[in-house]
Amino acid sequence: MAEAHPVGFQWVMEAKARGATVIHVDPRFTRTSAVADLHVPFRAGADIAFLGGLINYVLTEGKDFREYVTAFTNAAELVGEDFADADVEGVFSGYNAETGRYDPISWQMDGAYEAPAAGQRDHWEPELREEHAAFTSDTAGGVGDQAYAPSDPERDDTLQHPRCVYQVLKRHYARYTPEAVSRVCGMGVEQFLAVARAITENSGRERTTAWVYSVGWTHHTVGAQYIRAASILQTLLGNMGRPGGGILALRGHASIQGSTDIPTLYDLLPGYIPMPNAHLHEDLQSFLDADAAKTGFWGHMDAYLVSLLKAWWGDAATPENDFAFDYLPRLTGNHGTYGIVRDQIDRKTFGYFLVGENPAVGHANGKMQRLGMANLDWLVVRDMQMIESASFWKDGPEIETGELRTEDIGTEVFFLPCANHTEKSGTFTNTQRLLQWRREAVHPPGDARSELHFYFHLGKKIREKLAGSTDDRDRPLLDLTWDYPTFGVHEEPDPQSVLAEINGFDADGNHLASYTQMKADGTTSGGCWIYTGVFKDGVNQADRRTPGAEQTWVAPEWGWAWPANRRTLYNRASADADGKPWSERKAYVWWDEESGSWTGHDIPDFEATKAPSYRPPEGATVEDALSGTDAFIMQANGKAWLYAPTGLADGPMPTHYEPVESPVANLLHDQQDNPAREDIDRAWNRLNPAMSETYPYVFLTYRLTEHHTAGGMSRFLGYLSELQPEFFCEVSPALARERNLEHLGYATLISARTAIEARVLVTERMKPLRIGDQRIHQIGLPYHWGSNGLSVGDPANDLLGVVMDPNVHIQESKVATCDIQPGRRPRGPALLEFVESYRRKAGVEPGGIT
Amino acid sequence: MGVRTWLGEWPMFRQATGSDPLGRGAAVQSPRTRALEPRTREADEVVKSVCPYCAVGCGQNIYVRDGRVTQIEGDPDSPISRGRLCPKGSASTSLVTSPTRVTTVKYRRPYGTEWEDLDLDTALDMIADRVLDARRRGWQDTDDQGRVLRRTLGFSSLGGATLDNEENYLIKKLFMALGAIQVENQARI
Amino acid sequence: MTDANPAEMPERFRGRGRGGNREELQVPEAEFRSYYGRPIIKAPVWKNPDVPLYLFLGGLAGSSSVLAAMARATGRPTLRRAGRLGAAAGAVGGTVFLVHDLHRPRRFLHMLRVFKPTSPLSVGTWILSPFATFAAATAATEVTGWFRRTGDVTGVAAAVVGPALATYTAVLFSNTAVPTWHEAHRHLPILFGSSAAAAGGGFGLVFSSVRDNEPAARLAIAGAATELAIDEKMQRDLGMLADVYCKGRAKTLMRASKTCLVAGALGALVGRRRRWSAALSGLALMAGSALTRFGVFDAGIASANDPAHIVVPQRERIRQRQASTETATTPPDRTFA
Amino acid sequence: MTLFDAFSGAASSLSGPLPDPSADAGWSAEHPKRVGFFTDTSVCIGCKACEVACKEWNLVPDDGTDASDLYRLTGMSYDNTGDLGASTWRHVAFIEDVRPHGTATTGHMPSGLPALGGSLPRDAASAPPDGGTVDLLALLPDTGAHGQQTPDDERDVRWLMSSDVCKHCTHAGCLDVCPTGALFRTEFGTVVVQDDICNGCGYCVPSCPYGVIDVRESDGGAHKCTLCYDRLGEGLEPACAKACPTNSIQFGDLDELQAAADARLAELHGRGVEEARLYGRDPDDGVGGDGAFFLLLDEPEVYGLPPDPIVTTRDLPEMWRNAALTALGLGAAAVAAFFTGGRR
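Protein chains in written order, with this note's numbering: chain A, 1 to 850; chain C, 1 to 189; chain D, 1 to 337; chain B, 1 to 344.
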């Protein structure tokens with residue numbers, strides 16, 4: 001955190017000054033470790049073993065916060081009898097070895113089918129489940145026809161029933177003993193126990209523990225399950241929805257949170273509404289039936305979606321045409337970025353917009369990325385600097401090796417300069433869901449324009465070109481609401497008008513104040529329901545800047561947090577079942593008996609006047625179906641899920657699988673790696689075999705404080721480049737001895753993809769680990785470099801292959817294997833032969849560009 | 001400048017006549033030093049902004065003079081950052097005033113070996129044509145089972161996560177209307 | 001170094017913390033810690049040969065001016081003429097080198113903004129300026145034959161200032177944080193003064209007739225002898241800080257200087273009366289003087305670049321201070337040598 | 001105060017404690033309080049925001065003389081700036097300190113401890129200033145009769161970071177030796193170079209006991225931290241202190257900073273961080289105390305700081321005396337040369 005989010009880290013340091021214990025669990029000793037109370041080094045990719053070990057410790061030692069667990073979680077609910085745990089084998093029931101996918105029907109609770117609040121939805125259309133399982137990667141299969149029946153599952157509030165979630169969980173993690181954790185992770189038993197004691201002693205009524213993670217948890221083939229494991233632990237310890245608790249994702253880009261909220265992601269519509277999959281005879285209602293829960297706040301998905309459709313297609317969206325629901329294109333599988341690149345290489349897709357993104361450096365398997373771009377008809381790059389992704393046809397690594405020739409690359413490239421953050425107004429959504437409005441300070445120079453300008457005018461041009469078209473496929477374009485007011489000589493669209501559209505309007509054209517005002521009858525509009533309220537009262541709430549010193553510590557008047565300006569989600573859980581704070585120290589939101597409403601430091605994430613004693617009547621739906629203790633209001637049953645009967649593609653409980661490229665066998669289960677992971681098996685994406693002697697070392701990629709991701713915003717700046725001027729690898733003295741690496745000399749790193757060179761930093765901060773009988777070396781690789789800019793070097797990401805998490809299709813880039821040798825890498829075609837010789841030795845099929 | 005003034009500005013004279021005989025402070029201060037003031041004081045306006053690097057969302061104050069950014073500093077009002085910035089955030093002035101920044105359209109024709117210049121409007125028009133062409137070529141009305149797809153796979157987009165919400169919104173909206181499902185983002189990476 | 005017994009430390013821990021030149025270390029290795037062996041203070045950015053030559057010329061001019069005035073008084077016309085020209089040439093040449101040494105030479109006159117007794121360079125400027133004026137005026141009367149009486153007066157004035165010009169440069173060097181210079185602040189004035197005597201005397205030997213050159217020879221011999229002696233004492237007193245004189249270019253320069261001084265002094269002693277040997281001796285003495293300045297300059301650069309020169313003496317100082325606090329004696333807080 | 005008084009040291013103008021250096025430099029009684037930096041390295045995370053913020057504000061050029069020199073790794077941990085200089089007014093040092101296991105509890109550090117106590121002194125590495133390669137391996141401890149290395153996982157590491165800056169000494173060598181008055185003491189008690197005056201004589205460079213100030217090749221002027229003199233007048237804090245994410249760099253009135261530092265030191269000692277110590281805090285030290293002082297977690301020299309700096313001008317009166325006497329001696333010798341032993 002100190003490395004990549006230094007200013008956020010001030011609060012950690014402040015907590016530390018007030019007596020908090022800071023524990024840093026990281027394979028590397030970083031600048032965070034340097035000021036932590038305890039640094040726990042361990043093997044990259046072993047996080048679930050570690051977290052599972054902590055869960056096991058909590059359960060076997062009875063350290064869970066029992067009142068919290070019984071009040072707010074599904075611990076007491078019984079899992080269906082069909083469920084079979086992963087156990088020694090490491091595979092849950094429902095796995096289909098042929099398709100490599102799970103059918104989650106056997107994971108269901110006893111007597112109830114619950115819709116997930118996120119993740120793998122659209123499971124519920126009976127006649128389509130087999131088709132789904134066969135060829136949609138998004139859907140892990142369907143379940144039975146009782147899908148819509150909201151019913152309470154069987155439960156045992158004593159938590160003793162062998163099939164209750166608590167016991168299932170306990171059994172699942174029983175094998176994750178401290179000794180097992182020590183063996184798998186390479187950390188000492190005492191070290192593990194120190195962490196276990198620290199977090200359990202620091203959780204409960206009086207104290208809370210927070211977990212903070214970044215892409216070190218998400219860049220794995222089991223990434224989603226890493227986060228699940230942490231959420232199970234935090235829920236058991238009662239650390240969710242409470243001040244000083246939570247699982248905090250430190251996101252790495254100014255508005256990457258916003259990019260998921262208003263997603264430029266293929267599988268989502270704004271506000272986490274799933275994109276519709278292709279089905280026979282699907283209409284709006286059947287989509288909602290399949291994707292939306294009937295209870296909890298997702299029960300209003302109809303209002304959110306209809307308002308969205310109204311925002312996009314205005315008067316053309318009518319009850320008669322299902323509010324233009326058919327205008328939305330349909331998914332049939334994985335169209336994530338790596339699949340797109342595969343299709344580019346296969347010449348199935350022809351054009352590509354790169355908008356402030358530099359995949360030639362920043363994405364796993366750079367060769368694959370560049371090869372994709374070289375096979376396009378046209379490429380539009382919008383950036384401030386001449387990044388590698390714009391100039392790959394000229395100076396990419398494949399030009400040097402002769403794999404590609406400039407004269408043979410047919411890609412037409414448009415480089416359009418873009419405006420920077422001072423040259424346009426708009427909102428970023430930061431890592432804590434806070435929208436902050438930036439005001440334009442200066443006009444962009446030359447041809448530089450904002451993305452708002454570019455896409456607005458591109459849309460206008462396209463609509464002009466199609467004007468008068470009678471082709472049905474052009475209706476969505478021609479009916480689109482696309483008339484934003486513009487200003488200035490460049491006709492810049494007014495970003496406030498866009499934000500206002502996102503916020504939404506009622507039938508009279510008034511700004512909506514809350515998503516609870518949204519209706520499914522077409523009388524309201526709103527582009528992203530979770531952002532509704534950001535333009536409450538016609539005021540740009542994201543532009544509020546009451547100084548921090550002039551308001552409470554929660555600072556509700558700085559910017560605007562979704563939803564409804566709540567700063568901590570599910571904060572109803574900061575009070576006990578009766579609505580009283582768990583402790584004075586940790587009071588945050590509580591039930592005020594006198595006024596008959598929830599109150600506190602934050603805006604309650606709960607219906608304001610629903611008393612703790614409220615119990616839903618039979619047949620209640622949406623929020624009415626949630627009781628006064630159901631704090632997790634987006635969940636269909638209002639409970640935090642210790643066991644996830646649905647929503648995940650790779651199991652209801654996190655299970656330790658080795659990274660695909662691992663130097664060791666899975667010591668906890670027979671199954672070596674995630675059986676449901678996604679591969680791209682192509683010559684340009686060869687994988688190192690597990691436990692390969694040819695590629696014996698683990699490497700991990702990361703950022704440095706002094707640079708920013710793929711370097712487009714840092715490698716071109718002198719003040720930053722001089723601080724970290726060259727690409728380097730970090731190795732332990734032991735590895736340096738083993739491979740004759742010289743400090744400040746060059747090393748060549750080799751994987752089945754390619755070989756790259758880096759300067760060597762020999763440092764005691766890298767530690768070899770003992771895993772079983774093996775000594776495992778880990779190599780650190782900051783990934784910021786490319787061929788352009790002031791500070792140059794080989795891209796570390798070129799070393800990586802692409803293999804993905806099945807839930808979110810994110811690549812495993814935080815751990816892989818390689819070899820390392822002293823000296824510089826071969827140049828030109830010799831590099832290809834060098835890499836091929838390694839593949840031969842490792843028994844990997846021939847690779848490269850074929 | 002009269003002799004008196006000149007003499008009065010001569011540090012030796014001030015050494016001899018003033019309170020700084022050793023010539024270490026007040027006596028040797030130059031007129032230019034005396035007139036020194038922070039360049040932020042000359043700013044025409046101070047614009048509230050947010051750091052464009054990571055997602056902590058530190059507040060920034062942008063100092064502008066004559067339509068140019070002269071300084072970017074942390075916004076002390078921000079309850080998130082309290083006026084502080086990391087090295088990248090502190091380099092924001094360099095970022096926005098970078099001399100290597102490309103500010104005109106560059107065009108590489110198919111099989112070309114060099115960049116060419118292109119008018120922005122022409123570029124936009126060419127891109128619109130290419131979008132429509134790729135959309136047509138990649139169009140799918142239904143799949144082989146007759147399921148309605150109503151989409152195109154002809155082109156795709158990959159956005160960085162430093163885009164504004166409003167920008168992402170327009171991208172998503174336009175692509176959905178085009179039937180283009182392949183919209184992706186750094187958030188996937 | 002109070003928290004560990006060096007004897008218990010592995011050999012490799014006891015590095016000098018320095019990259020090169022280990023082979024020439026003649027002093028016992030001292031244990032010290034440093035930041036990657038990097039220098040702690042900054043070495044002078046003064047230019048070479050500008051500054052050593054300025055020092056040499058200043059010394060030559062200063063002593064020559066006295067010789068000239070005395071020669072005028074005692075009726076030694078060739079020595080007078082040589083001294084006057086030497087003083088003027090030294091002053092003008094020195095000024096040129098001093099200005100050239102500046103990284104912003106056009107601002108030379110900024111030196112005249114202030115008079116700072118804390119700055120040897122400021123004081124030196126205020127010495128050099130009048131001296132150069134007097135010496136140049138004197139030399140002008142000498143050459144042209146005009147205003148001889150005025151020339152005699154300015155000659156005396158120059159002679160009054162001259163010795164200061166010759167010795168202030170010692171303060172210039174020793175009033176720095178460069179250990180080998182600073183800790184020699186008792187020796188350097190004598191070294192530079194005697195070196196100036198050798199240079200001025202040598203100049204007189206070269207350019208005056210054998211009839212007039214005896215005072216020059218005496219001054220030069222005395223200067224050379226004193227210089228050799230004080231150099232010896234300085235290096236002894238400097239202790240480990242003298243190691244910079246025992247290696248690298250400074251070692252070569254100082255050895256050459258000694259050779260020249262000894263040869264020149266001997267030559268002056270026995271060969272003063274022959275024009276050619278007097279001239280040769282004079283040249284040797286001047287060379288010796290110049291080489292000393294170059295040697296001291298180089299030694300200072302090497303000292304500044306050696307973190308051991310900062311850390312070891314300062315640690316020792318701290319140790320002695322602590323020891324004296326414990327035993328209630330006066331702390332020897334300045335010198336460690 | 002007369003020139004004579006001042007120079008003779010009677011007014012503590014050259015060394016020793018000096019409560020008000022601004023007044024000593026002729027500023028009137030209404031001058032502002034002395035300001036400074038307290039850099040608490042125990043909370044430094046080595047982010048280098050200070051380096052960048054300083055350069056952005058002061059428009060300091062990239063460091064190094066040419067491009068090949070500029071963007072080169074030094075191999076000194078994450079420090080690629082090397083040291084303070086004309087174009088580096090804040091410099092963050094990184095020290096990777098290794099000690100064998102057992103000098104502290106495994107991996108356990110008391111709360112508030114950035115590192116373990118009780119260290120085996122050593123150089124972090126030996127990087128020659130000329131940029132050659134460094135043999136880090138040679139510095140690793142040997143154990144055992146057969147030269148077996150201590151297993152890597154049985155050594156502990158701590159990583160010290162510290163943002164160095166001009167000390168703005170009470171008795172500033174650079175200021176005292178400056179012959180033009182370019183360097184001067186401001187009304188805030190700080191030491192600043194006036195670039196319009198400096199003629200690049202370079203005297204300040206070797207006169208700084210900390211190796212702070214240097215002459216920049218590109219413009220020939222001497223440069224160093226100004227403590228953002230231009231900002232102070234407007235009531236703004238210096239750019240580095242403002243940016244510092246963890247408040248490792250604290251700016252304020254010197255007396256308040258000293259009190260804060262004393263409290264912090266006591267707190268750390270109370271937590272068992274025995275190796276914490278203040279550096280430059282003591283008005284009785286060789287420079288009369290620093291305007292910018294530090295809390296360090298190891299010996300100063302480990303951070304590249306002199307352990308016991310003394311301002312060179314402390315000895316100046318004696319030097320002048322010696323030089324004057326020698327000058328008299330030289331004059332006398334030259335005169336004597338004309339009389340000794342009569343004329344032959």
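Just so you know, these hints were derived from the structure itself, not from any lab. Quick caveat: nothing in here was measured; it's all calculated off a predicted structure. From the three backbone atoms N, C-alpha and C, an ideal C-beta is built for every residue, glycine too. Please note: incorrect hints may appear among the correct ones.
[Stated by the list, open to error] Pairwise CB distance ranges, derived in the manner of DEER restraints: (1) A15(A) / G252(B): 34 to 40 angstroms; (2) R827(A) / E256(B): 57 to 63 angstroms; (3) R827(A) / E37(C): 53 to 59 angstroms; (4) L112(D) / A29(B): 45 to 51 angstroms; (5) R109(C) / R827(A): 51 to 57 angstroms; (6) V189(A) / L59(B): 40 to 46 angstroms; (7) V143(D) / G18(C): 23 to 29 angstroms; (8) L248(A) / E9(C): 32 to 38 angstroms; (9) E114(C) / S514(A): 22 to 28 angstroms; (10) Q145(C) / A620(A): 36 to 42 angstroms; (11) E256(B) / E37(C): 48 to 54 angstroms; (12) R109(C) / G100(A): 56 to 62 angstroms; (13) G18(C) / P317(B): 42 to 48 angstroms.
[Said to hold, decoys possible] Stretch-level coverage of chain A by chain C, calculated; a stretch enters the list once three of its residues show a Cβ under 8 angstroms from a Cβ in chain C: (14) 153–159; (15) 174–186.
[Stated by the list, open to error] A few chain A residues that face chain C, going by a derived Cβ cut-off under 7 angstroms, partial list only: (16) T337; (17) G426; (18) K461; (19) F487; (20) G488; (21) V489; (22) M713; (23) F834; (24) S837.
Checked hints:
1. Hint check: A15(A) to G252(B), Cβ distance near 23 angstroms, so the stated range 34 to 40 angstroms is violated.
2. A C-beta distance of roughly 60 angstroms is found between R827(A) and E256(B), which places it inside the suggested range of 57 to 63 angstroms.
3. In this structure, R827(A) and E37(C) meet the distance hint of 53 to 59 angstroms, their C-beta atoms being roughly 55 angstroms apart.
4. Under the hint 45 to 51 angstroms, the C-beta atoms of L112(D) and A29(B), about 31 angstroms apart, miss the expected range.
5. Range check, R109(C) to R827(A): about 29 angstroms between beta-carbon atoms, so the 51 to 57 angstroms window is missed.
6. Distance hint check: the CB atoms of V189(A) and L59(B) are about 55 angstroms apart, inconsistent with the given range 40 to 46 angstroms.
7. A hinted range of 23 to 29 angstroms for the beta carbons of V143(D) and G18(C) is inconsistent with their spacing of about 44 angstroms.
8. Range check, L248(A) to E9(C): Cβ separation about 60 angstroms, and the 32 to 38 angstroms hint is violated.
9. Judged by the Cβ atoms, the range 22 to 28 angstroms given for E114(C) and S514(A) is violated: they are separated by roughly 56 angstroms.
10. In this structure the hint that Q145(C) and A620(A) lie 36 to 42 angstroms apart at CB holds, the actual value being about 38 angstroms.
11. About 25 angstroms separates the C-beta atoms of E256(B) and E37(C), a value inconsistent with the hinted range of 48 to 54 angstroms.
12. At roughly 43 angstroms, the beta-carbon separation of R109(C) and G100(A) lies outside the given 56 to 62 angstroms, and the hint is violated.
13. Distance hint check for G18(C) and P317(B): the Cβ-Cβ separation is about 23 angstroms, which falls outside the suggested range of 42 to 48 angstroms.
14. For the region 153–159 of chain A, the proposed coverage by chain C is not satisfied: 0 residues have a C-beta within less than 8 angstroms of a C-beta in that chain, short of the threshold of three.
15. Interface restraint, the region 174–186 of chain A with chain C: violated (0 residues with C-beta to C-beta distance below 8 angstroms; minimum three).
16. The interface hint given for T337(A) is met, as the beta carbon of that residue sits about 4 angstroms from the closest beta carbon of chain C, less than 7 angstroms.
17. Below 7 angstroms, beta-carbon pairs count as interface contacts, and G426(A) has one with chain C at about 3 angstroms; its hint therefore holds.
18. Here the hint on K461(A) is kept, as its CB sits about 4 angstroms from the closest CB of chain C, short of 7 angstroms.
19. Annotation: F487(A) was flagged as interfacial toward chain C, and the flag is violated, the nearest CB pair being 14 angstroms apart, outside 7 angstroms.
20. Annotation: interface hint on G488(A) violated; nearest CB of chain C at approximately 13 angstroms, more than 7 angstroms.
21. Checking V489(A) against chain C by beta carbon gives a least distance of about 13 angstroms; that is not within 7 angstroms, so the hint is violated.
22. Taking 7 angstroms as the C-beta contact cut-off toward chain C, the hint placing M713(A) at the interface holds, the least distance being around 6 angstroms.
23. A least Cβ separation of about 28 angstroms between F834(A) and chain C goes past the 7 angstroms threshold, and the interface hint is therefore violated.
24. Against a cut-off of 7 angstroms between C-beta atoms, the interface hint on S837(A) is violated, since the closest Cβ of chain C lies about 31 angstroms away.
Hints 1, 4, 5, 6, 7, 8, 9, 11, 12, 13, 14, 15, 19, 20, 21, 23, 24 from the list above are not met by this structure, while the remaining hints are.
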